[in-house]
Amino acid sequence: MTIASLTGLRDAVRSGARSATEICREALDAIHALNPSLNAFNTVAAERALAHAAVIDADRDRWREAPLAGVPIAVKDNLCTKGLRTTASSRMLEAYVPPYDATAVSRLEAAGAVIVGKTNCDEFAMGSSNENSAFGPVHNPWALDRTPGGTSGGSAAAVAARIVPLALGSDTGGSIRQPAALCGVVGVKPTYGRVSRYGLIAHASSLDQVGPIAASVRDAALGLTVLAGADPADATSAPEPVPDFAAALTGDVRGLRIGVPRALVGAGVDADVSRAFLAALEVLAARGAVLVDIDLPHARYAIPVYYLVSTAEASSNLARYDGVRYGLRVNDANLRAMYARTRDAGFGPEVKRRIMLGTYVLSAGYYDAYYLKAQQVRTLILDDYDRAFERADLVAMPTSPTGAFPLGERVADPLQMYLADVFTVSASLAGLPAVSVPCGFTRGHGAAKPGDSCPGEGGLPIGLQLTGRRFDESTMLRAADAYERDTGWSSQRPPIANR
Amino acid sequence: MLAFDMPAELSRDDVLKIAALANLRLEADEIDRFARQLADILAYADEVRQVDTTGVAPTASVMARPAADRADEVQPSLTIADTLANAPDPDDSREEGGFFKVPRVIG
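The listed protein sequences correspond, in order, to chains A and B.
Residues in the first sequence are numbered consecutively from -1, following our numbering.
Residues in the second sequence are numbered consecutively from 124, following our numbering.
Honestly, the hints are just simulated from the structure, not real lab data.
Since this is a predicted model, take the numbers as computed values, not measurements.
Just so it is clear, CB atoms sit at the ideal spot from N, CA and C, and this is done for glycine as well.
Be aware that one or more of the hints could be misleading.
With a straight-line cut-off of 20 Å between C-alpha atoms, the simulated EDC-like cross-links for lysine to aspartate or glutamate are [as the list claims (entries may be wrong)]:
| no. | chain 1 | residue 1 | chain 2 | residue 2 |
| --- | --- | --- | --- | --- |
| 1 | B | Lys140 | B | Glu153 |
| 2 | B | Lys224 | A | Asp320 |
| 3 | B | Lys140 | A | Asp320 |
| 4 | A | Lys80 | B | Asp205 |
| 5 | B | Lys140 | A | Asp342 |
| 6 | B | Lys140 | A | Asp366 |
| 7 | A | Lys80 | A | Glu45 |
| 8 | B | Lys140 | B | Asp155 |
| 9 | B | Lys140 | B | Glu150 |
| 10 | B | Lys224 | B | Asp205 |
Rough simulated footprint, nothing fancy, chain B against chain A, three-plus residues with beta-carbon under 8 Å [to be verified]:
| no. | segment |
| --- | --- |
| 11 | 305 to 317 |
| 12 | 388 to 394 |
| 13 | 455 to 465 |
Only part of the chain B face toward chain A is listed, based on derived beta-carbon distances under 8 Å [what the hints assert, rightly or not]:
| no. | residue |
| --- | --- |
| 14 | Arg148 |
| 15 | Val174 |
| 16 | Ala180 |
| 17 | Pro181 |
| 18 | Val197 |
| 19 | Leu201 |
| 20 | Asp205 |
| 21 | Ala210 |
| 22 | Pro226 |
Start from the sequences, fold in the hints, and give me the full structure.
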């Protein structure tokens, strides 16, 4: 099967050219064919999806204006789906069936989307490679022995393999953008507060955001328009008006000032990534954008600040898993021992490590030295961006310093794994919107070079990250779309998708 | 706490104390591994502690404005049956409503 663009499918359903049921079956068939290789789905929701598609087909008039009529989507398994198992890829929640929908989920369904399954991710969205899933890693559709990135790796892989045209992810320090980059698709982390977090299984509450992963900037913009907006169920959701993000994609970037933090992106970046990044800047400049040098002097502290802040918040958020109200319980006659045995059996090593680190930095005697200090440096990182946005309208960086790395390569060294987030965490700490758009391939076995229109044998996707001002997703999406129009990277498919 | 008071490495005792605070039981091999890995991460985080933050306010949230109050009105919420449906050991035998059961705490 070939999944058409999101709008193509939607328009076919709206016009009656195709039925939602037929499209849903195709997506389910694709999961059946590809999931044994990819492990991108924890749960396939065949019955639920077909029932929902039948509802749409039975009353087509009602869905004539629906922005996602009959569009099959995948949802990261840390977003609650009523009556559909939601595990956060953890043994702790292996049998958890939420009694309610996340707001992001109900908004997509109300817009006509059909959920075909729940996607694999790092446990409780903690990781950079998807290897922290209790259900095994997702495999990158471009190279099955490599990571799809993390933590929304299943969602990125499902879109890359063209199983679905749109998937939901969540991003705490790069978990939408980095897997999107490593799988060659588009990922959007909205401004903090833009999308409701209600029903998102909490990792780090001051950083978590829900966002779309899609095969093109336009499809991601359509998804974001549906997702965005205030929600009474999430007090941190923002009342800012929601524009039509797809309508902002004019292709015009003349005079747009794109800030490039040369010092930051100059070191520690794979040579192919660096070349593709610089070539992408030239494409935007040729369209009339103006490149300006900027400095983000405190961004070099972003990784340690992120891991101090996010683990502190995680240690508090994950205290709720105590074997009492939901999730796993390992019985013991003693209450405290029941808690400890439950949490030992339910949490994997990375989750435990982060709970330990977060508990430590919040504990008496270390709070000021680590947690408070990290919050202060977080302010300096925010201030850097504020200054940069006086000179520039967007900030450009590579999304990831390397292409997809081999599964297993960094598992034994958590610190090395954390370095994968070097370019994504600062926008998270500052609460800014950021998009990753495909900008080329590594050379692989030597055939393709940046600028070639298709990847060479063994080439791996590279992502360009554009960060915008708070609540100005429109400008960043307009630039990403303009870039996409001049290059063919987003339309490249891994061979596994051409079946 | 002053910088020179920070432990250069974490002892097994330190790790066990943190684990107790976090209600985590660790396997024997995890204790040594976490001692080493947490020390590595904290050493890496050490550069943050060298940044001059005199007079810098901490950022706990990037929300542009404080959350607004909402009207204090009763809204529909989950039923007791829905709430108990995922409980590992629910007690829904009583008419007046169900309970989450836990191991005996007193006596």
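Structure-based check of each hint:
no., hint, result
1, B:Lys140 <-> B:Glu153, "holds (14 Å)"
2, B:Lys224 <-> A:Asp320, "holds (12 Å)"
3, B:Lys140 <-> A:Asp320, "holds (19 Å)"
4, A:Lys80 <-> B:Asp205, "holds (11 Å)"
5, B:Lys140 <-> A:Asp342, "holds (15 Å)"
6, B:Lys140 <-> A:Asp366, "holds (19 Å)"
7, A:Lys80 <-> A:Glu45, "holds (14 Å)"
8, B:Lys140 <-> B:Asp155, "holds (13 Å)"
9, B:Lys140 <-> B:Glu150, "holds (14 Å)"
10, B:Lys224 <-> B:Asp205, "holds (16 Å)"
11, 305 to 317, "holds (count 4)"
12, 388 to 394, "violated (count 0)"
13, 455 to 465, "violated (count 0)"
14, Arg148, "holds (4 Å)"
15, Val174, "holds (5 Å)"
16, Ala180, "holds (6 Å)"
17, Pro181, "holds (3 Å)"
18, Val197, "violated (14 Å)"
19, Leu201, "holds (5 Å)"
20, Asp205, "holds (4 Å)"
21, Ala210, "holds (6 Å)"
22, Pro226, "holds (5 Å)"
Comparing the model with each numbered hint stated earlier shows that hints 12, 13, 18 do not hold.
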